[in-house]
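Student: Sequence:
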Amino acid sequence: MRWEEFQVKGEQLLAKVKELVHQGNIRRLVIANEDGKTLVEVPLTVGVVGAVLVPVAVAIGAIAAIVTDCTIRVERSDGSGA
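Residue numbers for the sequence shown follow this note's numbering, so the first one is 236 and each next one is one higher.
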């Protein structure tokens, strides 16, 4: 497994999460505030992504409304093309 980090503004948060999930091979998604405190952590497996994405998108939208800067951390599966 490997981790990647992305720094985004609050208003860009939901769009970036959707982009990352669409790319695939993400096993875990973590959103942290500018102080590094984890705000949401979601495991994403291939079979669960569709069912989980809608309520997660609502939660991420609420987070985006209250934070100015945040960090998205994604755990990717090794061996995939991303």
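Everything labelled a hint here was simulated from the structure, so no lab data went into it.
Careful: at least some of the hints might be erroneous.
Below are the DSBU-like pairs computed for lysine-lysine, each with C-alpha atoms no more than 35 angstroms apart in a straight line [to be verified]: (1) 244 - 272; (2) 251 - 272; (3) 272 - 253.
Have a look at the derived ranges for each label pair, beta carbon to beta carbon [unchecked claim]: (4) 313 - 246: 16 to 26 angstroms; (5) 294 - 262: 17 to 27 angstroms; (6) 265 - 289: 31 to 41 angstroms; (7) 290 - 254: 25 to 35 angstroms.
Since the structure is predicted, the reported quantities are computational estimates derived from the model, not experimental observations.
Where is the CB? At the ideal position from N, CA and C, for every residue including glycine.
Student: Could you run down the list of hints and mark each one as holding or not?
Tutor: For each hint, the structure was consulted:
As the CA atoms of residue 244 and residue 272 are separated by approximately 16 angstroms, the hinted pair is consistent with the 35 angstroms bound. For the suggested pair residue 251 and residue 272, the alpha carbons sit about 19 angstroms apart, so the restraint of at most 35 angstroms is met. Distance restraint check for residue 272 and residue 253: the Cα-Cα separation of roughly 21 angstroms lies within the 35 angstroms cut-off, and the hinted pair is therefore satisfied. One distance hint, 16 to 26 angstroms for the beta-carbon pair residue 313 and residue 246, is violated here, with the actual separation near 32 angstroms.
For residue 294 paired with residue 262, a C-beta distance near 19 angstroms keeps the hint of 17 to 27 angstroms intact. Restraint check, residue 265 to residue 289: a C-beta distance of roughly 19 angstroms breaks the suggested window 31 to 41 angstroms. A hinted range of 25 to 35 angstroms for the beta carbons of residue 290 and residue 254 is inconsistent with their spacing of about 19 angstroms.
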